[in-house]
Amino acid sequence: MTHKAGFVNIIGNPNVGKSTLMNALVGEKLSIITSKAQTTRHRILGIVNGEDYQIVFSDTPGIIKPAYQLQESMMDFVKSAFDDADVLVYMVEVGEKELKNEDFFNKIINSKIPVILLLNKIDKSTPEEVKEKIDYWRSKVPNSFVYVISALEKFNVESVFYKIIELLPEGPPFYPKDQLTDKPERFFVNESIREKILKHYKKEVPYSVEVATESFIEEENIIKIRSVIMVERDTQKGIIIGHKGSAIKRVGAEARKDLEYFFGKKVYLELFVKVNKNWRSSEKELKRYGYKD
Numbered sequence: 001m002t003h004k005a006g007f008v009n010i011i012g013n014p015n016v017g018k019s020t021l022m023n024a025l026v027g028e029k030l031s032i033i034t035s036k037a038q039t040t041r042h043r044i045l046g047i048v049n050g051e052d053y054q055i056v057f058s059d060t061p062g063i064i065k066p067a068y069q070l071q072e073s074m075m076d077f078v079k080s081a082f083d084d085a086d087v088l089v090y091m092v093e094v095g096e097k098e099l100k101n102e103d104f105f106n107k108i109i110n111s112k113i114p115v116i117l118l119l120n121k122i123d124k125s126t127p128e129e130v131k132e133k134i135d136y137w138r139s140k141v142p143n144s145f146v147y148v149i150s151a152l153e154k155f156n157v158e159s160v161f162y163k164i165i166e167l168l169p170e171g172p173p174f175y176p177k178d179q180l181t182d183k184p185e186r187f188f189v190n191e192s193i194r195e196k197i198l199k200h201y202k203k204e205v206p207y208s209v210e211v212a213t214e215s216f217i218e219e220e221n222i223i224k225i226r227s228v229i230m231v232e233r234d235t236q237k238g239i240i241i242g243h244k245g246s247a248i249k250r251v252g253a254e255a256r257k258d259l260e261y262f263f264g265k266k267v268y269l270e271l272f273v274k275v276n277k278n279w280r281s282s283e284k285e286l287k288r289y290g291y292k293d
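In terms of full-length UniProt numbering, the sequence shown opens at residue 1 and continues consecutively.
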């Protein structure tokens with residue numbers, strides 16, 4: 001029996017459903033999901049193993065025109081996804097007509113590797129609109145295999161999964177067969193907390209936040225976690241904490257509940273808030289938080 005293995009990298013504009021698709025394909029919640037753009041900041045790997053295949057899925061930040069150093073680093077993660085892909089998954093939604101970066105779009109249509117184009121959120125369209133969009137994208141990206149899906153409802157996701165296996169090159173696995181992701185436990189703690197901040201806070205506040213887990217101690221019956229929420233200004237610190245600590249308590253309670261489900265164990269979570277001015281534009285701080293090598 002031959003074995004197939006490869007990197008399948010998911011790219012697209014912000015909010016088209018990349019993280020929802022990744023989680024559906026992997027069968028675990030590895031990428032956080034909110035209605036806000038730029039929810040995904042890192043490149044996150046999710047590994048799916050079968051007896052004769054290993055698929056290394058990669059969720060990437062939504063493609064934007066960067067306005068500060070953090071966003072430039074996010075776009076570097078997208079660039080790296082073009083470099084090592086064995087299969088490229090380009091995700092669009094109904095109503096969308098182009099990628100927000102012309103250079104990236106040219107890379108897709110001139111790609112020498114297989115491209116799967118997914119038209120997502122079709123549950124929000126009429127059959128006539130869907131047919132029109134299929135024809136449009138086939139003309140725009142003629143080198144692609146086009147599928148209509150609903151990542152949220154998992155409609156047609158299985159068909160895409162089998163197509164990916166068909167397109168994978170033959171080769172040995174890249175990771176141990178029992179490995180789910182390349183990220184450590186602390187990363188998922190940070191992301192769970194950041195997801196709740198994106199959910200509950202408005203305007204610039206969630207985009208000015210970074211989370212760092214300073215302590216992760218796993219005991220037999222409980223995991224004790226201490227995490228720090230970084231903000232850029234003193235006013236943001238007050239907003240995150242809320243009146244008598246009510247806002248940060250809500251974030252902590254919701255994140256703890258998700259983490260207990262993820263780790264399958266009771267979690268004790270302590271949250272603190274610190275001001276780290278202009279961290280999004282600091283090369284040193286971006287390295288510290290894993291956005292730069």
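Hints in this document: simulated from the structure, not taken from any laboratory.
One or more of the hints may lead you astray.
[Unchecked claim] Under the rule of at most 25 Å between Cα atoms (straight-line distance), these lysine-lysine pairs were calculated in the DSS-like manner:
1) 284 <-> 274
2) 265 <-> 237
3) 203 <-> 249
4) 287 <-> 65
5) 284 <-> 29
6) 265 <-> 203
7) 202 <-> 112
8) 65 <-> 4
9) 199 <-> 284
10) 244 <-> 107
11) 224 <-> 202
12) 97 <-> 29
13) 249 <-> 224
14) 163 <-> 4
15) 79 <-> 292
16) 257 <-> 237
17) 202 <-> 249
18) 265 <-> 284
19) 29 <-> 277
20) 265 <-> 244
21) 131 <-> 79
22) 244 <-> 29
23) 257 <-> 202
24) 287 <-> 277
Hint check:
For the suggested pair residue 284 and residue 274, the alpha carbons sit about 17 Å apart, so the restraint of at most 25 Å is met. With a C-alpha separation of about 30 Å, the suggested pair residue 265 and residue 237 falls outside the 25 Å cut-off, and the hint is violated. Of the supplied pair hints, the one linking residue 203 and residue 249 holds, its CA atoms being roughly 20 Å apart against a limit of 25 Å. Among the hinted pairs, residue 287 with residue 65 is consistent with the structure: their alpha-carbon atoms are about 21 Å apart, no more than 25 Å.
For the proposed pair residue 284 and residue 29, the alpha carbon gap of about 30 Å is over 25 Å, so the pair is violated. As the CA atoms of residue 265 and residue 203 are separated by approximately 34 Å, the hinted pair breaks the 25 Å bound. Restraint check: the Cα-Cα separation between residue 202 and residue 112 comes to about 42 Å, which exceeds 25 Å; the hinted pair is violated. Of the pairs offered as hints, the one joining residue 65 and residue 4 is violated, with about 36 Å between alpha carbons and a cut-off of 25 Å exceeded.
For the proposed pair residue 199 and residue 284, the alpha carbon gap of about 28 Å is over 25 Å, so the pair is violated. For the hint linking residue 244 to residue 107, the alpha-carbon distance of about 51 Å lies beyond 25 Å, and the restraint is violated. For the hint linking residue 224 to residue 202, the alpha-carbon distance of about 29 Å lies beyond 25 Å, and the restraint is violated. Restraint check: the Cα-Cα separation between residue 97 and residue 29 comes to about 29 Å, which exceeds 25 Å; the hinted pair is violated.
Using a Cα cut-off of 25 Å, the hinted pair residue 249 and residue 224 holds, with the two alpha carbons roughly 16 Å apart. Note on residue 163 and residue 4: the hinted pairing holds, with a Cα-Cα distance of about 13 Å set against a maximum of 25 Å. The straight-line distance between the Cα atoms of residue 79 and residue 292 is roughly 13 Å, inside the 25 Å bound, and the hint therefore holds. For the suggested pair residue 257 and residue 237, the alpha carbons sit about 23 Å apart, so the restraint of at most 25 Å is met.
A threshold of 25 Å between alpha carbons decides the hint, and for residue 202 with residue 249 the separation of about 17 Å falls inside it, so the pair holds. Restraint check: the Cα-Cα separation between residue 265 and residue 284 comes to about 35 Å, which exceeds 25 Å; the hinted pair is violated. For the hint pairing residue 29 with residue 277, the CA-to-CA distance comes to about 31 Å; that exceeds 25 Å, so the pair is violated. Proposed proximity of residue 265 and residue 244 is contradicted: the alpha carbons are some 29 Å apart, above 25 Å.
Taken as a hint, the residue 131 and residue 79 pair is broken in the structure, with Cα atoms around 31 Å apart against an allowance of 25 Å. Between residue 244 and residue 29 the CA atoms are separated by roughly 32 Å; this puts the pair beyond 25 Å, and the hint is violated. Under the criterion of a C-alpha separation no larger than 25 Å, the hint pairing residue 257 with residue 202 is consistent with the structure, at around 22 Å. Only pairs whose Cα atoms come within 25 Å are accepted, and residue 287 paired with residue 277 is accepted, the gap being roughly 15 Å.
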